[in-house]
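**Q** Once you have looked at the hints, place chain L on chain Z.
Chains as they are written, first to last, in the numbering used here: chain Z, 222 to 431; chain L, 222 to 431.
Don't read these hints as lab results, they were simulated from the structure. There is no bait here: all hints are sound.
The list makes no distinction among identical chains, and a pair is therefore deemed to hold if it is satisfied within one copy or across any two copies.
With a straight-line cut-off of 30 Å between C-alpha atoms, the simulated BS3-like cross-links for lysine-lysine are: (1) 284 - 358; (2) 381 - 368; (3) 410 - 358; (4) 368 - 410; (5) 381 - 358; (6) 410 - 284; (7) 381 - 410; (8) 410 - 313.
Since we're looking at a predicted model, the values are computed, not measured.
2 protein chains.
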Amino acid sequence: MDAWGERLAGVRGVLLDISGVLYDGGEGGGTPIAGSVEAVARLKQSRLKVRFCTNESQKSRGKLVGLLRRLGFDISEGEVTAPAPAACLILKERGLRPHLLVHDGVRSEFEQVDTSNPNCVVIADAGDGFSYQNMNKAFQVLVQLEKPVLISLGKGRYYKETSGLMLDVGAYMKALEYACGIEAEVVGKPSPEFFKSALQEMGLEAHQAQ
Amino acid sequence: MDAWGERLAGVRGVLLDISGVLYDGGEGGGTPIAGSVEAVARLKQSRLKVRFCTNESQKSRGKLVGLLRRLGFDISEGEVTAPAPAACLILKERGLRPHLLVHDGVRSEFEQVDTSNPNCVVIADAGDGFSYQNMNKAFQVLVQLEKPVLISLGKGRYYKETSGLMLDVGAYMKALEYACGIEAEVVGKPSPEFFKSALQEMGLEAHQAQ
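The following block holds chain Z by itself, in its conformation from the complex (with noise of 0.2 Å):
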């Protein structure tokens, strides 16, 4: 614990990643990194704040959380802190109704939001819905614009599942972006303004988290 101590001096809370730190996804769920249930166990029963911060976003928190807790994760969804709830609040700021391109098993975040008459498109992790159909359709929707809104849910270029390495959502925003022209706007890591949100939830600054 000495070298944990001096690592941690200053430091009231900690941000943790879930995907790829926490898991890796794949058949079945997935499975836990080794190490991982009991370094979260530790954590938590230590002085320090515990939020997790993820760039998930095929599952809503609610199925995220689910998963987690079956491998045997002491987690709850208020906890969590994820790109969709952001960009929900983003588009209610901003009066963004959004086409989807996302994963059936996030869809339900986005419940509360109007999607009629798309002027923004929103993209996040669709696994097998990046169809070359649902990707033309985003496109389509995205050109007729005349200021052209991409939200995206991270910018990852790929992540790891216990099957191998898998594309993930960066790849189709920049396909997106080259397409139209445009930059897309993106939310959760490294996005500064996701972490603050983090932050802000635990009540802590910058300096005070690791």
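**A** Just chain L now, with coordinates in the frame of chain Z:
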């Protein structure tokens, strides 16, 4: 004819695009663009050399020419410069064995190419073939190579069909470039080498062609 005469002073040959210039693709093959059948006929009756230079990568030259002839154009396979045959020359010269992410309609152009144990990826306008699964397979081939080589048949953002605008190969090229942190080699327009090969086939210098 006076206006034509002035514009074409010193010009000995004409390179014509096909998709979006001679015809728009779509249901049932597509439709000629108004006046284009007659324009090709007039050019061919003139003193000018005529060659067709296309980035069409969904169809083999044979199929493309068959379609254009049915639409009324006077065109033969030997008059067409297209990216797939140009890519085959490059693959042969450099000992590259491609994983092909291409439309079934153009696969016959690669019949003579060794595709075993791939050491590069060739991407073309695959249309509905741009599924997540197919894109991920191409990504997985690239990411395991020490020096990933991605050859893209054109880099168009989108093209027009009678039913609307459609995402072109360039968007998917950008997706793989971003995911792998590489830059694709483009075979087709606007690559100068591609135009040069078309000019060579006409026996003309750049300043002699329009």
